[in-house]
Amino acid sequence: MMTETSLHLIEASIDQLRQALDNGAITSVELVAAYVRRIAYFDRHGIALNAVPVLNPEMFEDAAASDERRRQGKTLGPLDGIPYTAKDSYKVKGLTVAAGSPAFEHLVANEDAFTIARLRAGGAVLIGLTNMPPMANGGMQRGVYGRAESPYNGDYLTAAFASGSSNGSGTATAASFCAFGLGEETWSSGRAPATNNALVAYTPSRGVISVRGNWPLVPTMDVVVPHTRSVPDMLELLDVIVADDPETRGDFWRAQPWVALPKSSGMRPRRYTDLTLAGSLKGKRLGVPRMYIGRDAEIDRPIETRASVLDLWEQAAADLRRLGAEVVEVDFPVVSNYERDRPGARTMVERGLVPGNFADREIWDLCIWGWDDFLRANADPALPDLASVDGPKIFPQPPGTLPDRYEGGFDLAEYVERAKLGVAPLTHIPTIADGIKGLEATRRIDFEDWLDAQGLDAVVLPAAADVGPADADVNEASADLAWRNGTWVANGNLVWRHFGIPTVTVPMGTMADIGMPVGLTFAGKAYDDERLLCMAGDFERSTQRRTQPPRTPELPDDVFSRQRTQAGNGKAPIVEIALTAEMRASGDHDEITVTIDLAVEASEAEHASLKVHVNGQAIDMHQAGTRLSGRALVPAVEHRRFHSVWRGSYGSIVTAVVRLQDGRSAGAYVVTGGIE
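In terms of the numbering used here, the sequence shown opens at residue 1 and continues consecutively.
Heads up, a few of these hints could be off.
[Stated by the list, open to error] Derived pair list, reagent style DSSO-like, types lysine-lysine, alpha-carbon separation capped at 30 Å:
no., residue 1, residue 2
1, Lys611, Lys74
2, Lys93, Lys393
3, Lys393, Lys420
4, Lys437, Lys263
5, Lys263, Lys93
6, Lys93, Lys420
7, Lys93, Lys74
[Claimed, not checked] What follows is a set of in silico ranges between Cβ atoms, one per label pair, in the way DEER data are often shown:
no., residue 1, residue 2, range
8, Lys282, Pro398, 34 to 40 Å
9, Ala636, Ser6, 33 to 39 Å
10, Arg627, Gly663, 39 to 45 Å
11, Pro381, Asp597, 33 to 39 Å
12, Arg301, Glu329, 40 to 46 Å
13, Ile47, Asp15, 28 to 34 Å
14, Glu582, Val259, 54 to 60 Å
Just so you know, these hints were derived from the structure itself, not from any lab.
Glycine included, each C-beta is placed from N, C-alpha and C at the ideal position.
Between the sequences and the hints, there should be enough to build the whole structure, so can you do that?
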């Protein structure tokens, strides 16, 4: 938020952050430090949300480089200096790319994923990687880093239990640990964290955003899903990451030879930020499937929608009509046929649209090929291919947890055993060509032709029926609720991603009874993405239903004056800061001694502004020339809290930021007393 005199970090938009950077109210170094302080205070310690388990060791250097570019008037674009997070399945050169799995905890990325490379080229600053279950094969199961928790209500899940694997991205973006996040989706892993965290999520049509450099789960379904706190922020981000990618390896839909896809450049406006949102809903005819609002008496597996969600839907429907849209209740054959959920519904196989064994070839041969190809392209000699992986470590169950309830579930270790027998090349996998052509045909028949027949511009629906309890992994009664239809996966289940149907989810409101948000999802024809963004943006613009998470309020140092000295123009010596921290046990507390050496003139150091925090709490420093020292006492229990059965406890995060009188700044962080 921005006022006439201050920048408030909480809920700050990308535009507000950029303005603050441009006018000198804050530097990128200070911005990174502020987000890391919040991570230290709320994420690693305190309420321990555990959303950002991997920090980028180069974030302060990257931020300082951005500040120097801005000082010289050479910024790389509108996101230069803006901090963000990415899911643990995104390759970031030099960082691990574990995808939440103990088997890949030490796998090192050889290059950036496409989206990471685009953001790096635009000057955005990666803070760290966000939490997820192993291989994204689920939602709230605990992986090598554990799982993220809700910043809204600790008694409820931050994403759907069975499909919400971008849980860390949802929590981190909602709690203002970053300006935006990069998630992913195979079933509902991007939408589910968004609905539970009052975020905007965009799941694109096939090929619009390159997924190269992301760990695959099911190649036919996987997409990049950006998370933002508003539609305008989403449009800012899309302007950077939607671009043609000349390399197709690692992006199934752009690599396969059987279905032609349009180029990204042909599917986007010249500038997303120029899209007109106001008035986009006027005259539109929207269908809401009865199954998602408690008015479908024929469905075999009813969706039990929480009363407070239905109340919010009624409010949203009234808002849509006020904005000029017609809202009509409809059946939903694309889901009914896919799931065979009522008499008369016929699946793709029953209608001969896909071969009978396509599902097996897709989940076995295709996934094995995709995983193996990812490892081969990554070229880490420690894990050169899928056959080299320790299979039982891919998705181990933590002790004491309940078994998952997936129909037809299996142990992912079997992928390794089959890979040892040989991996079929993509074009040699039986029935894949006919299968993916059938997916495209089914979308046209069951969804796009149906939209035309009904005279509908799009479908709109509550993003979820309910929210699962936080203890659904250990409590049978809670699991019963968390695994119900409409709650286990965000509404729509597998259909959106399997058929390449684009969606945009925006906040619909916060449930009156449990204080958890729920989203409103707009879905439309393939490559109707731009119109969906406009309609969703019109709704969000008019309603403003996002609520700030109550568990992660503003910290004392989250406010920056807009009257501060701006850094001068032209080249100037880069400020350097050396930070060390040592810990020793002291009874019920651990004593942390902090030392800072500034590589500046003594006169500059004397008048510099210095902020030092341990786990997000400020400490006093004593200065002697260009050296400063201080100490903090941290409860020893903070260094004995375990976020994962596979790793040690987090250490304390010490951050230091210095700002000279001329506006130049430098920052650093260290971790002591536990793992980073």
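So, going through the hints one by one against the coordinates:
no.	hint	in the structure
1	Lys611 / Lys74	holds (28 Å)
2	Lys93 / Lys393	holds (24 Å)
3	Lys393 / Lys420	holds (16 Å)
4	Lys437 / Lys263	holds (19 Å)
5	Lys263 / Lys93	holds (26 Å)
6	Lys93 / Lys420	holds (28 Å)
7	Lys93 / Lys74	holds (24 Å)
8	Lys282 / Pro398: 34 to 40 Å	violated (51 Å)
9	Ala636 / Ser6: 33 to 39 Å	holds (37 Å)
10	Arg627 / Gly663: 39 to 45 Å	violated (23 Å)
11	Pro381 / Asp597: 33 to 39 Å	holds (38 Å)
12	Arg301 / Glu329: 40 to 46 Å	violated (19 Å)
13	Ile47 / Asp15: 28 to 34 Å	holds (29 Å)
14	Glu582 / Val259: 54 to 60 Å	holds (59 Å)
In this structure, the earlier hints numbered 8, 10 and 12 are contradicted, and the remaining ones agree with it.
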